[in-house]
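Residue numbers (the working numbering), protein chains in the order written: chain A, 2 to 250; chain B, 444 to 695.
Hints may contain errors.
[Said to hold, decoys possible] To give a feel for the contact side, a few chain A residues facing chain B, derived at Cβ under 10 Å:
no. : residue
1   : K12
2   : T16
3   : L22
4   : H82
5   : R95
6   : T128
7   : R130
8   : A131
[Stated by the list, open to error] In silico lysine to any residue, SDA-like type, Cα no more than 25 Å apart, as pairs:
no. : chain 1 : residue 1 : chain 2 : residue 2
9   : B       : K587      : A       : H82
10  : B       : K464      : A       : A250
11  : B       : K587      : A       : K3
12  : A       : K3        : B       : G677
Read the hints as simulated data drawn from the structure, not as lab findings.
Cβ coordinates follow ideal geometry from the N, Cα and C atoms, glycine included.
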Amino acid sequence: MKAALRAELFKQRSTRTVLGLFAAMVGLVLFVTLLHGLGLSAENFDGTAEQITAVFGWGEVLGALFAALLGAISMTGEIRHGTIRPTFLVNPHRRSVVAAKVWASMLIATGFGLVAGALAAGAGTATLRARGIDVRLDAGDYALLVIGGAAAAALWAAIGVGVGALVRNQVPALVGITVWLLFVENLLVGDIAGIDAVGRLLPAAAGRAISGQAPETLLAPAVALVLLILYAAAAAVAGSLAASRRDVA
Amino acid sequence: MSATRPAATTTDPLSREPVVKVTSLTKRYGELVAVDDLTFSLEAGTVTGFLGPNGAGKTTTLRMLLGLAEPTGGEALVFGRRYHELDEPARRVGAVLESNDFDPGRSGGDHLRALALAAEIQQSRVDEVLELVELVASARRRVKTYSLGMRQRLGLAAALLGDPELLVLDEPANGLDPVGVHWLRNFLRSFAEGGRTVLVSSHLLAEVAQAVDQVMIIDRGRLVAAARLDELTGTGQTLEEVYLELTARRAS
C-alpha cells in the first residue's frame, strides 16, 4: 500500500495536470470573489451568513469542485491514456490502486481547499473593506471557512476518484461532477419550496455546510462532516468494487 | 507446448512446471465467443509466436493471462498461479499490450519511475532499462514528443523493469521500421537465450517467423495449430502457406 501511494503521488506531480487545475482554481476563486464582492449591491452584505454566501463561500465551492476533478482525473486519465494497463500489471490488487488514488488525491486536495479558502477569505475581506462595507465574520467564521473548506475538498476528491472509477470515460465524469456541483444541487437546495430538507442532505450541500455556509438552511458543520465522510466512503468503495470487477479493455 | 499435439518430453529439469498453463480458457461477450476452450502451455526458454487474424482472440487471451480480463470459463496460470496471486508480478512477468499506454504529458523516465515506485524497484534499474532500449537521451522529454519506435521501446522498458522471467508482447512489430524490427528480433532471441520465456502475438508472419521457435495459431477463438516452427514448415510449406490454410474462412 505504501508503494502504491508513493507511485500515485509521483504520478500526480509528474504531469502538469495538477498544476493546471491548481492555477485554474486560483484564478477562478479570485475572479468570482472579486466579481461578487465588487459587483453586488451593499444590501447583499447585511449579515455574516449573507456575506459568506455572496463572497467568502466560493473558496469552499471551487476548492471542492477542483478537488473532485483532480480525483476523477487520477482515475479517468489512466483509462484514457491506457496507463491503467501497466498500472494494473505492476499492481494487480486493484483495490489497493484505487485506495492509493483516494489517499493521494485527498492529500493534494487538502492543499487545494486550504488555498482556495484562504484566497477567498483574503480577497473577499479586502474587497468589502475597500468598498467601506463592514466585514461581519469573526475569527471562528474564517477558520471554519478555511479548515472546513479543506475538509470538504479532501472528501470531494475521494468522491471524484469513486465517480471516475465508476464512469471511466473522462469527459462525462468531469462534466457530470461540474454540473452536479455548480448547478444541479443548487436547484435542489435553492429556492424551490419544500425540498430543502432533502436537498441539504446532498453532498455538495454537506460540503458547504462543513465550512459554515447558510447555517439556517444547511446542516451543522459537524453533522455535515460526518455525512460527507459517508458519501466519500461510499463513492470510494463503489469505485473500488467497480474497478476490481470490470475487465480492463 | 501441448495443445492439438502432445508436448515433446523435455529433459530439462528446470522446465518441469510450465511457465504458462492455459486450460479450457473461454471468454464470451454476450453471444460472441472471443476465446473458445483454449488449452496450451509454454515451457521455459522458448519464444512462442501467437498468431492469428485480427479478432481471432489473441489479445483477449493475453489479457486473461495477465489478469486484466476475467475468463468466462477455464483458467490461465503463470508460474502455476493466477496473475494476481503472484507475489511480485513485475519481477516474474513483463508485458506490453498496447504501443501507446503512456500519459503524453509525462516524461518517459517518469513513466518508468512511477511503475518502479509501485513495484518497489530501484531507480538504478530504471536507468538500466532506459540504457537497454536506448532512450537515455530522451528520458526527460514528454512522451508526446516520442516517435512510434521510441514508444514501442519505452513500453518494452516498462515491461523489463522487474527483470522478468516471462515476457508477453502483443503485436510489438506493428508500425516498426525495418531497423526496429531487426532490433526487436535480436532482443527477443537474447532474452530467451538465458532460459527466459517469450510469448509474442502478431499477425505479421514474416517478422515473427525469424524470431520464434514455436508457433500457436488461433482462429475465431480456437487453437488450430501448435507446433515447433520447423515441424510446421517441415513439409516444404512456408509459415504463410500453413497459416492461410489453417485460417481460411469459408466463403459466405
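Hints not upheld, ascending by number: Of the numbered hints given earlier, those the structure breaks are 3, 6, 7, 8, 11, 12, listed in rising order.
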